[in-house]
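S.K.: This is what each chain is made of:
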Amino acid sequence: MNGVHDLGGLDGMGPVNPEKNEPVFHAEWEKRVFGLFLPVFACGFYNIDQFRHAIERMGATAYLNTSYYEHWLHAYETLLVEKGALTAEELAARQREIAAEVA
Amino acid sequence: MASSAHTRPLSEIEIRVKALESLLVEKGLVDPAAIDALIDTYEHKVGPRNGARVVARAWVDAPYKQRLLSDGTAAIAELGYSGLQGEDLVVVENTPEVHNVLVCTLCSCYPWPTLGLPPVWYKSAPYRSRVVVDPRSVLQEFGLELPASAEVRVWDSTSEVRYLVLPERPAGTEHLTEEQLAALVTRDAMIGVAKVTS
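So the sequences go chain by chain: A and B. Note that the working numbering numbers the first sequence so that position 100 is 100, with each residue one more than the last. Counting the second sequence from 1 gives a position; the working numbering is that position plus 1000.
In short, the hints are calculated from the structure, not lab data. Treat the hints loosely; a few may be bogus.
As the list claims (entries may be wrong) - On the chain A side, residues computed to face chain B include the following (Cβ under 10 Å):
#1 L7
#2 G9
#3 P18
#4 V24
#5 V33
Unchecked claim - Below are the DSSO-like pairs computed for lysine-lysine, each with C-alpha atoms no more than 27 Å apart in a straight line:
#6 B/K1027 x A/K20
#7 A/K83 x B/K1027
#8 B/K1195 x B/K1123
#9 B/K1045 x A/K20
#10 B/K1195 x B/K1045
#11 B/K1065 x B/K1045
#12 B/K1123 x A/K20
#13 B/K1045 x B/K1123
#14 B/K1195 x B/K1065
C-beta: ideal position from N, C-alpha, C; glycine also.
Sequences are here, hints too, so could you generate the full structure?
M.R.: What follows is the structure, encoded as structure tokens:
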């Protein structure tokens, strides 16, 4: 698929800006997203190519404006709903509950 | 999970992550302990120290180096490193004439068993877009200036094949032990954006 993820050779993306003494994770939520990788994969709803393809199906603007683990989160949400493991409604309802709990 | 006292509202992304995890746990699809175990492994156990041991072994053991360059996956497994995202590993050797550097232009493929999880810059658009067309300018941003005579080879990783750079052993390290040599080897040198210095 020819999309924004196919970045090789694209001009104008700016400097690399490597971070000194970078930690493995930058936030607690990144750890949880990473930690879900194998357990969710083991559920058998999708294969690794479908996982990557779910990221490639993000819109170009969203792809470039979101971080790596947000790409993964998008892939989980997309694939688990598409495969029927969850519904978009229950996901949205749970998000509202959590937001209300801590507000 | 929700037991800690929050001093600020959760961000949208934190809410999405908590919602997803709690639903998956509730449905019995995932075990939070398995999530914790995976985090702990890659935060504390698997990282560039593994790759550094492979490099140091290759520097002191010529037959091992030969095996490493002809079948990276098997030679790395000899030291006990294998598994996820390292199923097919190709090791490329830096010499005074050839400098190798790794990227994954399409996503973030990286040799997890030897280097752990990739840094943010490796997964970023600036690195992935430019290193394949203008590697020298990217290397300069890392403070690495290569002689004009050196050939630069850029290896684009895929989900099936991942690479590891075998850096040059620095001069003046003949007296060091394998363990001392391993301590000199950095993650960046094994990606190819730095050299090993003594």
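S.K.: Evaluate each hint against the coordinates.
M.R.: Consistency of the hints with the structure:
no.: 1; hint: L7; in the structure: holds (4 Å)
no.: 2; hint: G9; in the structure: holds (5 Å)
no.: 3; hint: P18; in the structure: holds (4 Å)
no.: 4; hint: V24; in the structure: holds (5 Å)
no.: 5; hint: V33; in the structure: holds (6 Å)
no.: 6; hint: B/K1027 x A/K20; in the structure: violated (41 Å)
no.: 7; hint: A/K83 x B/K1027; in the structure: holds (15 Å)
no.: 8; hint: B/K1195 x B/K1123; in the structure: holds (21 Å)
no.: 9; hint: B/K1045 x A/K20; in the structure: holds (21 Å)
no.: 10; hint: B/K1195 x B/K1045; in the structure: holds (24 Å)
no.: 11; hint: B/K1065 x B/K1045; in the structure: holds (24 Å)
no.: 12; hint: B/K1123 x A/K20; in the structure: holds (16 Å)
no.: 13; hint: B/K1045 x B/K1123; in the structure: holds (21 Å)
no.: 14; hint: B/K1195 x B/K1065; in the structure: holds (18 Å)
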